[in-house]
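Asks: Got chain A sorted already, so can you dock chain B onto it with the hints?
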Amino acid sequence: MTDLGETGAIVDFGAPVEGGAFDEHRPPDAALVGDCVHCGFCLPTCPTYILWGEEMDSPRGRIYLMKEGLEGAPMTDAMVSHWDACLGCMACVTACPSGVQYDTLIEQTRAQVERHHDRSAGDRALRGLIFALFPHPKRLRLLRGPLRLLQRTGLDRAMRRTGLLDRMAPQLAAMERLAPRLGRPEPLPELIPATGERRATIGLLTGCVQSAFFPGVNSATARVLRAEGCDVVVPPAQGCCGALSVHNGREAEAQGFARRLVDSFEDRGVEWIVVNAAGCGSTMKEYAELLADEPAYADRARAFADRVRDVSEILDELGPVAPRHPLEMTIAYHDACHLAHAQGVRAEPRRLLEAIPGLELREIAEGEICCGSAGIYNVLNPEPARELGDRKAANIVATGAQLLVTANPGCLMQVASAIDRSGHPMGMAHTVEVLDASITGRPAATLMP
Amino acid sequence: MPGMPGVDAVTQRARELIPPEGVITDVARLRTYECDGLSHYRVVPALVVIPEDAAQLAGVVGACAEHGVPFVARGSGTGLSGGALPHAEGVLVVTSKMRTITAVRPDDQRAVVEPGVINLDVTRAATPHGYYYAPDPSSQQICSIGGNVAENSGGAHCLKYGFTTNHVLGAEFVSPQGDVVQLGGIAPDTPGYDLLGAVVGSEGTLGIVTSATVRLVRLPEEVRTILVGFASTDQAGAAVSAIIAAGIVPAAIEMMDALAIEAAEAAVHCNYPDGAGAVLVIELDGAAVEVAAEYDEVERLCNDNGAFEQRLATDPADRALIWKGRKSAFAAVGRISPDYIVQDGVIPRTALPEVLKAIAELSGTSGVRVANVFHAGDGNLHPLVLFDESKDGEAEAAEEVSGAILDLCIEHGGSITGEHGVGMDKARYMPRMYDEADLDTMQLVRCAFDPDGISNPGKVFPTPRLCGEVPGRHKGAHPLQEAGLAEVF
Chain A
1 MTDLGETGAI VDFGAPVEGG AFDEHRPPDA ALVGDCVHCG FCLPTCPTYI LWGEEMDSPR
61 GRIYLMKEGL EGAPMTDAMV SHWDACLGCM ACVTACPSGV QYDTLIEQTR AQVERHHDRS
121 AGDRALRGLI FALFPHPKRL RLLRGPLRLL QRTGLDRAMR RTGLLDRMAP QLAAMERLAP
181 RLGRPEPLPE LIPATGERRA TIGLLTGCVQ SAFFPGVNSA TARVLRAEGC DVVVPPAQGC
241 CGALSVHNGR EAEAQGFARR LVDSFEDRGV EWIVVNAAGC GSTMKEYAEL LADEPAYADR
301 ARAFADRVRD VSEILDELGP VAPRHPLEMT IAYHDACHLA HAQGVRAEPR RLLEAIPGLE
361 LREIAEGEIC CGSAGIYNVL NPEPARELGD RKAANIVATG AQLLVTANPG CLMQVASAID
421 RSGHPMGMAH TVEVLDASIT GRPAATLMP
Chain B
1 MPGMPGVDAV TQRARELIPP EGVITDVARL RTYECDGLSH YRVVPALVVI PEDAAQLAGV
61 VGACAEHGVP FVARGSGTGL SGGALPHAEG VLVVTSKMRT ITAVRPDDQR AVVEPGVINL
121 DVTRAATPHG YYYAPDPSSQ QICSIGGNVA ENSGGAHCLK YGFTTNHVLG AEFVSPQGDV
181 VQLGGIAPDT PGYDLLGAVV GSEGTLGIVT SATVRLVRLP EEVRTILVGF ASTDQAGAAV
241 SAIIAAGIVP AAIEMMDALA IEAAEAAVHC NYPDGAGAVL VIELDGAAVE VAAEYDEVER
301 LCNDNGAFEQ RLATDPADRA LIWKGRKSAF AAVGRISPDY IVQDGVIPRT ALPEVLKAIA
361 ELSGTSGVRV ANVFHAGDGN LHPLVLFDES KDGEAEAAEE VSGAILDLCI EHGGSITGEH
421 GVGMDKARYM PRMYDEADLD TMQLVRCAFD PDGISNPGKV FPTPRLCGEV PGRHKGAHPL
481 QEAGLAEVF
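Protein sequence lines, in the order shown, are assigned to chains A and B.
Heads up: the first sequence begins at 1 in the working numbering, then just goes up one per residue.
Heads up: the second sequence begins at 1 in the working numbering, then just goes up one per residue.
Incorrect hints may have been included.
As the list claims (entries may be wrong) - Simulated restraints, written as ranges between beta carbons of each label pair:
#1 A/Ala298 / B/Gly162: 56 to 62 Å
#2 B/Ala360 / A/Ala298: 46 to 52 Å
#3 A/Gly72 / B/Gly68: 31 to 37 Å
Hints in this document: simulated from the structure, not taken from any laboratory.
Ideal placement from N, C-alpha and C gives every residue a C-beta, glycine not left out.
Just chain A, with the same shape it has in the complex (with noise of 0.2 Å):
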């Protein structure tokens, strides 16, 4: 037998051995590789250990990976295929008690296997043509005249039910089934004053999905702020925040991303940088560790990302002055990984909520594990996304509330397209859009399908 009786943690070892899977610039790193005890407390919240049970595909198993690529195992296509399928949803960070910061350690591993791991061609086209899209609100916004005409043809349907998209490329077929129903396009200006007394002045992000899919969410936003005594700002040409590059290993383009939004948002005198999707809140947040190495921008990136809030915790903080109209309904809160893991925001939003007269808040069963959505996770493996998000489906179905309200687009669309398929039908809202409503004291019928 080998090596019985060793004692000591499960790494100890400096810089990755030449030959391994990484080079030097920012690979795994080493020391919090080494502070994970093999609990295994982290197991159960893992979404892909919950469908497979398998120890490769828990964070436990990834982060053992990682050591072994360390410790000067190559690069193989079964370790990509285990660090490609996690989800990047972060309930293990929660669930750790030892504090290991698996965040940290699989985006360094991602830029990791972006540079040194050769993807098939097929997955390389449809990660180009994520990319050439997603980040980039302008062209989302082109693509919506043909997705309303699908829609409203109902083209989209008839193709479905045909399934030839489904067999001839899976994940375009995922792609186009979880795009919303397009409402109207709803451009903001760049000023929107406070009503009353100014109480902050606040720089909004409108984003790349949210804008092109959910200008709705946007504009009940801005009007809640305003309403609550917010200046709101909305910096033009601000852009992606690289949200999905950071969480897809795509280190450079991130940076690129980054350095254009600390740009943007310079120089316009807000108090706060206030963001009502999840995955790009948490990844502004990180700018600082993002950007460190530029000197040109670091000191600036840590100015930036202390100011950067979720929309929740800023009308939290700020408390309410505009009166609530009562809204007679049920509503079930689903947490998204990257407010409540990534941003530790849960209670902010619940609050918010449950001080609208009428309301009844429901939780929802395995609240703490993800929907599937995780970026454009549910693009790129949808068979495991599709799995997670009818579990999720159920367990919202079986609060019995009659909306469902969340604070991500990506949430939104994947927990649509489950609902749409368990054959339950319920409404959709962000958080601000029940917020909106309830202040503008529109009927709560206006929030359902």
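Replies: Below, chain B without anything else, positioned relative to chain A:
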């Protein structure tokens, strides 16, 4: 694997029985299974199989028997004695895909579960019916019932409700020959030898349980959880003895010392009393009137013994936070020390102050820090011996202190393990507790189940023996050694 014809044959059989993703031969993947919760013991298995049902599992074990290949069972891989440490030339049989709760029967207070079902999931399934599964190891959110049965796991509430063995009524069991047999049953007692009793706690050395019928316990009418702060562990220990002496059996009495409190605070912000040298977590459950009466008595006894703060959990969230501090204590120690050994020893409760003092002295003279977390009610200690592996000699010093703590337990009439099992880690301490005749007798039991010594070999017993061999002295290399199946440690 080259040079292991037996393993090759088992691999081939496994591929016929189990879907491809459940047969692992790739070395990078195999290595993720090289250790369980006790990560400083590592052995890469020759093959990992993850069967989906009892038939697949029995088929693989049958192939192992046919080809003389050792096998080791593993559930969630959270064990703390290296009980699921793989065998380099053997098969690791993982039950993590066998996780169906087959039946929940509140009417006769039973549940039937597969071995990969997570402990807490049994309670989750039973709660809507007004029941729960009582044994609650600190890892209950992830540890599997199969592992619990193998290790006869305990937990905070075993003081009042007993260990796993008191809650398993029947089992479907795959013998080391690959036969599927039924042990125990639904009836409260079965005639003849208690074979189920032998299997529970046998640490995987007698075979693999593929289904367990477990007892469900009625949820109590009332639960009160109290967090009590003391200046010292002496005071807290005296309070524990006073409570038990008063005839009260709390559902749990847990103690943590200052270092353990520091770790838990860092990890889960459990808001334990400031400046406490020790805290007790006391839980009373049962009928409301009984709990109310006991609560008054416990409060008085704690005050009499110097408690400076007592806090009653006012809602479920409060109670959960108190327990979270206690239940994450082991892993939380990772926040205050890069490496640590979780020790598990038992002493008579009355020896608590004396043994704690001796541990403090050991720590003082060796310079090795020791955090204490334990089930105070039944004298089950979990000293956490802290060290930094990157510093020369610290690991050895920690190992020495850890061993000396076990000696202390034995000296005071206790045991070398309360609930984590002997596994790999403590096999060498077995002769300190048992003489040769005792060990030989246990070996005979093992031989009755596993004459070829292929079920989790090298665990529990310090020296591997062949069945049929005359116990006692023997000359030359051991036959198992010669066959390359075992080594003497």
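Asks: Evaluate each hint against the coordinates.
Replies: So, going through the hints one by one against the coordinates:
{"no.": "1", "hint": "A/Ala298 / B/Gly162: 56 to 62 Å", "result": "holds (59 Å)"}
{"no.": "2", "hint": "B/Ala360 / A/Ala298: 46 to 52 Å", "result": "holds (48 Å)"}
{"no.": "3", "hint": "A/Gly72 / B/Gly68: 31 to 37 Å", "result": "holds (34 Å)"}
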